[in-house]
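A.B. asks: Which chain is which? The protein sequence lines are B and V, in order. Every position in the first sequence, counted from 1, becomes a number in this note's numbering once 13 is added. To convert, note that position 95 of the second sequence is 79 in this note's numbering; the numbers rise steadily by one, no gaps.
Wrong hints could be hidden among the right ones.
Claimed, not checked - Covered stretches of chain B (in silico footprint by chain V; criterion: 3 or more residues with CB under 8 Å from a CB of chain V, positions within the stretch not fixed):
#: 1; stretch: 91 to 102
#: 2; stretch: 105 to 116
#: 3; stretch: 123 to 136
#: 4; stretch: 170 to 184
These aren't lab readings, by the way, just hints derived from the structure by calculation. Backbone N, C-alpha and C define an ideal beta-carbon position, used for all residues, glycine too.
Below are the chains, spelled out letter by letter.
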Amino acid sequence: MSTMLQTEHLTFAYPAEEGESAPTAALEDVTLSVEKGSFVVVLGHNGSGKSTLAKQMNAVLLPCGGMVYVDGMDTKQEALLLEIRRRVGMVFQNPDNQIVANVVEEDVAFAPENLGIPTEEIRRRVDDALAAVGMSEFTRHAPHLLSGGQKQRVAIAGVIAMAPECVVLDEATAMLDPSGRREVLSAIRALNRERGITVVLITHHMDEALNADRLIVMNDGRLAMDGTPAEVFTQVDALRAMGLAAPDTVELLYGLRQGGMDVPLDALTVEDCAAAICRALR
Amino acid sequence: MLKDITLGQFFPGNTIVHRLDPRTKLLCVILYIVALFNAKSVLTYALVAAVLLVCILTSKVHYKALTRGLKPVYIIVAFTAIMNLFFTGGTPVADVWLLRHITFEGIRSAIAMVLRIIMLIMGTFLLTYTTSPISLTDGLERLLSPLKKLKLPIHELAMMMSIALRFIPTLIEETDKIMSAQKARGADFESGNIFQRAKALVPILVPLFISAFRRADELATAMECRCYHGGEGRTTLHVLRYQTADYLVLLAFLALAVGIIVLKHLGL
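One chain only, chain B, in its complex shape:
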């Protein structure tokens, strides 16, 4: 497998605001790479630098130090900007603030229109992208009348219409209700599984991380942990030290272990967790 995204000793600081003396570093010495076709979840509490990291991935922000490569392309090269942004689509937190047009299909067509794609091909891509997120029946609807989950799926379709190789979701589920979150997550999983699109999901919901291929935990602008969900979530004490909680299942198993029961920590799903406890009780 080849590398989709790569950062090398990435450092970034926002310009100092008035009244502050020195800029505070948002990212410090972050080195990581994301394989093509993988499903990576980035976790971290507020201000840990996870959103800043996301914006580095399609050249919305440029590194102050170190390098960021998208599919081998250096994000600092201005000539490659459009190509980088086409390959790495970005979905943001508030669906209202990223929908441009007042008809669903017009909005999905926005990116291909910008790329100068011929009309017939735009039509095909719009229909395909809306089908990919299960919004085909809303083609002619007005976006402001849709539910949060539906709006966010339209926003994802708007990105898919660029035919990207990677989609970065910057807390895209944070403003949604549980059913909206489920809709969006299942749409993202389908894109990853069926189309092989690399997904970088930035979130603070632990349960969204359970079936990721890989988990990255950010803390104070640094890469704190990197591994499979089982590897990361079993380090309950380290997670707590960073202000994060392990998923409920792991927390339960952790409590049982401290109470002297012999259960493994890496049973992440509810079913696995229940089975592990049953085995220990037997």
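Got chain B; can you put chain V on it based on the hints?
C.D. replies: Chain V only, in chain B's frame:
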């Protein structure tokens, strides 16, 4: 209360007027206005009125919708009528008190002006009633695109217009939310004189503006992430194409405008 705000209200339909190319409709409205302002006699007014009537009937727009559009201009209509009635020179109607100031010419021009304003507004409202805002901006951009050569920001203007239209419902919803929040904390928007009421609006406008700026910032980033880089090399999902009907209608309106001007010069 905010639901009454209608900007470019659109009544969807599937009549020939609805299906016409927005550029055709825009050009026709311009030609119609030219004809209207050149109409002087009963004959020419009747001609323009007949064309308007045909358009209204084929568009199947409800008559009430058109008269409702006239409401805000009633004062202007009345003012124009009175001004024309009293300040046009000529033969007085009768030699008693106020009637001494009213001339036959004044009555004639008052009627003509009132008819002109009403027909002007009905004609332009028919355009916005039968054309969706999006296709209207689309048509406007296409019509004005020759001006791009003069370095005028036509694409940017059209983009601004369509984004403004897109955000009207979002901002109205937000205003409602802010008003409820301020009311919950004891703000009073309904009592007091006009100055007190205007002052009460400040705690609504300030958060609304702040949030609008934040939205604009986020929208700009999201647009850039979707490869927006101005109008250059941009294609569109819906391509506007003139149909036979467009040419025929355009020709008819051109004939109307030219005909009226010719009749005017013939003194009819």
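A.B. asks: Next, verify each hint and record whether it holds.
C.D. replies: Against the structure, the hints:
1. 91 to 102: Answer holds; 4 residues pass the 8 Å Cβ test.
2. 105 to 116: holds (count 10)
3. 123 to 136: holds (count 12)
4. 170 to 184: holds (count 3)
Going down the numbered hints, you'll see the structure goes against none, and every one checks out.
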